[in-house]
Amino acid sequence: MSPPSQATGSPYLHADAVSVSYGATRVLDRVSLTVARGELVALLGSSGCGKTTLLRAIAGFVTPTEGRIVVDGRDITRLPPEARGTAMMFQSYALWPHMNVAANIGYGLRMRGRPRDEIAKRVGEMLRLLQLDGYGERSIAALSGGQKQRVALGRALAVDPSVLLLDEPMSNLDYRVRLELRHELRALQQRVGITAVYVTHDREEALTLADRIAVIDAGRIAQLGTPDEVFHRPVSPFVAGFMGADNAIDVVHAGDGWSWPAGGAGTRARAHFRADRARLAPPGTDAGRGTLAIDGAVVQRVYLGTQYRYRVHAGADDFWVDDPERRDEGAAVRVLVPPDALLVFPAAA
Amino acid sequence: MRSRPWAGLALAAPALALVAIFFVGPLMMSAVLAFRGKDGGFTTEHFAKAFELYSTDLLFSAVIVVVSTAAIGAVAIAIAGYLTLGEHPRTQAILRWLYRWPLFIPFIVTAQVMRTFLAKNGMLNHVLIGGGLIDPLQAQSLLDWRGIVIAFVWKQAPFVTLLLAGAMAAIDRQHIEAARNLGAGRLRVLFGIVLPQSRRTLLVGLVLSFVTMLSVLSVPMMINPNSPTMLTVDIAYRINSHGDYAVANALCLMSLVLASFGAWFYLREAARKVERT
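One line per chain: the protein sequences are L and U, in this order.
Quick note, my numbering runs 289 ahead of the 1-based positions in the first sequence.
Quick note, my numbering runs 564 ahead of the 1-based positions in the second sequence.
Everything labelled a hint here was simulated from the structure, so no lab data went into it.
One or more of the hints may lead you astray.
As the list claims (entries may be wrong) - Examples of chain L residues toward chain U, derived with CB under 7 Å:
#1 A383
#2 H387
#3 G397
#4 A409
As the list claims (entries may be wrong) - Calculated from the model, a selection of chain U residues having no Cβ within reach of chain L, i.e. all distances over 10 Å:
#5 L591
#6 L597
#7 F611
#8 I672
#9 D699
#10 W709
#11 F723
#12 P760
#13 T765
#14 N790
#15 Y801
#16 S819
Claimed, not checked - Derived Cβ-Cβ restraints for the label pairs, each shown as a range:
#17 U/L751 / L/T314: 28 to 34 Å
#18 L/T314 / U/F668: 36 to 42 Å
#19 U/G694 / L/Y311: 41 to 47 Å
In this text, a Cβ means the ideal position worked out from N, Cα and C, and glycines have one as well.
Whole structure, please, built from the sequences with the hints as guidance.
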């Protein structure tokens, strides 16, 4: 097993201007990504954006039409999957039902021709690491979803891979199990010090797990940065929307702040904000200096447990705003958005 | 809701009656006649005669079908494996199109094709001589046990391949990718991952082929009718030339015993699967 290490900053995995096409459709368009040794980078995006294709290109299941992929100085672009030294954890786990837990975990070592006692020792280590002691002889069919996930992780880690590739490994789990395993996975990755690329469409998962996040949109990296950067300083309306700031409204900068509606003189822009950063107030409430005020009416109320989420219709737009106070549908309200909650982008041409 | 057990039986009755009248009845009659002497009493003389005359052919039949079954399995695994794990889509498409042809060719036509292909002056030897691979004096006829095996494999391998390729295609693709990702080459993926997950289908195909080959008359009759030959030829001979239904029935029961080995093998595997689950 590799000694625990921290991300060093030197590129260990380098995808250099990688393009992938399926027929006439370009799925990845000159994507460049570097991952430092011991770092976990999340590829975040919606379905069909190309994030899994990038992962599969690194694993060798997809051949790039352009660009190259380098791991630890070795160009692996044209190598077959079995010669790359990477290990992938699949969305379906892809555990082989005709083998028991120990045989699944030890498979990669058998393929490397390791002696039987060494394989048994390593499998034992993995079972202990993943809290699966005593499960070695179990059939795969007898495992729960969480246990299968651990076995799949153990199988990938057992070969001490150069890069661990994880393709939405938690998407098939219950919410509670997912939360628990998310933290376990992060702790394990840091303890083992393995370099990892993690594909997910779950924003929260990416923020919790990753050292850096690459938000992918239509085959390109829309933003690459730390979770804090991507969450608080999105570089585009798409990233802002994907990171939860999906309320968007046209505003104009006049006087001492942004105002709505954007009909008056001044600099026009498109502002995004999160539902939980705005609040509702009675109509006519003084907004205060720099606070954006939007007058509208409640058209829908959703109960979240600790508070309500309201859909507010204002002008031609609808927004979602969280508020603890119960209001009736149809009630006139004023939406107040503090200046530090506004993510402002140039208005579309 | 009231349960009506007779309603279910009534629904199944026509099918059961057909099976009883057209299959179980004649089979029982054949078995009874195999043990009935000229005086109408019980006897084993027909079996003794069958063994005396045709024990070599019994062994020959068993060897032919076992060897053919093994060869069919090997060919089916090779073709289905390539269709599942190959990396050249065009070659796969051509192979997928080609391998099914023998499925639509009757056994009698297969036998005739093999006669012209495997004879001493047949097409195979012409190609080998023309290609400089053998001298004309080395040319030999393959119209013996080898011809029967080749004909059976040519005819039955596509059937097993069809079943096996379907089963392999149904395996989650990620199972294959996971193995390759962990360092397995395609051959190891085939034998370590794909085949174990589709072996039941392979087994069903092989058992069905085994039983089918035991019942084929045209191929041994046209390729190798002389002794030793297969039991089907002997059965036809006893009936057509001697009107000897008693010995023919004894030979049929011997064929049935051979066929039931295939059924036993299949049922044993099915029982193991039930135990595992």
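Exercise for review: Quick one: work out the minimum CB distance from U/N790 to chain L and report holds if it exceeds 10 Å, violated otherwise.
Suggested key: 46 Å, holds
Check your understanding: Does U/D699 sit more than 10 Å from chain L, CB to CB?
Key -> Fine: 43 Å to the nearest Cβ keeps U/D699 off the interface.
**Study point:** Consistency of the no-contact label for U/P760, given chain L and a CB cut of 10 Å
**Key:** 4 Å, violated
Practice item. Mind verifying the non-interface call on U/I672? Its CB should be farther than 10 Å from each CB in chain L. Key: 41 Å, holds
Check your understanding: For the pair U/G694 and L/Y311, does the Cβ-Cβ distance stay inside 41 to 47 Å?
Key -> The hint (41 to 47 Å, Cβ to Cβ) holds, given that U/G694 and L/Y311 are roughly 45 Å apart.
Practice item. Beyond 10 Å from every chain L Cβ: check whether that's true for U/F723. Key: 25 Å, holds
**Study point:** Interface exclusion of U/L597 relative to chain L, criterion Cβ beyond 10 Å
**Key:** For U/L597, whose nearest Cβ neighbour in chain L is about 47 Å away, the distance exceeds 10 Å, so it holds.
Check your understanding: Does L/A409 meet its interface restraint, that is, does its C-beta lie within less than 7 Å of any C-beta in chain U?
Key -> At about 17 Å, which exceeds the 7 Å cut-off, the nearest Cβ of chain U leaves the hint on L/A409 violated.
Point to revise | Interface exclusion of U/Y801 relative to chain L, criterion Cβ beyond 10 Å | key: 47 Å, holds
**Study point:** Nearest-CB test (10 Å) between chain L and U/S819
**Key:** For U/S819, whose nearest Cβ neighbour in chain L is about 35 Å away, the distance exceeds 10 Å, so it holds.
Point to revise | Status of U/W709, Cβ more than 10 Å from any chain L Cβ | key: 36 Å, holds
Point to revise | Beta-carbon spacing of U/L751 to L/T314 - inside the hinted bounds 28 to 34 Å or not | key: The hint (28 to 34 Å, Cβ to Cβ) holds, given that U/L751 and L/T314 are roughly 33 Å apart.
Of the numbered hints given earlier, the model fails hints 4, 12; all others are met.
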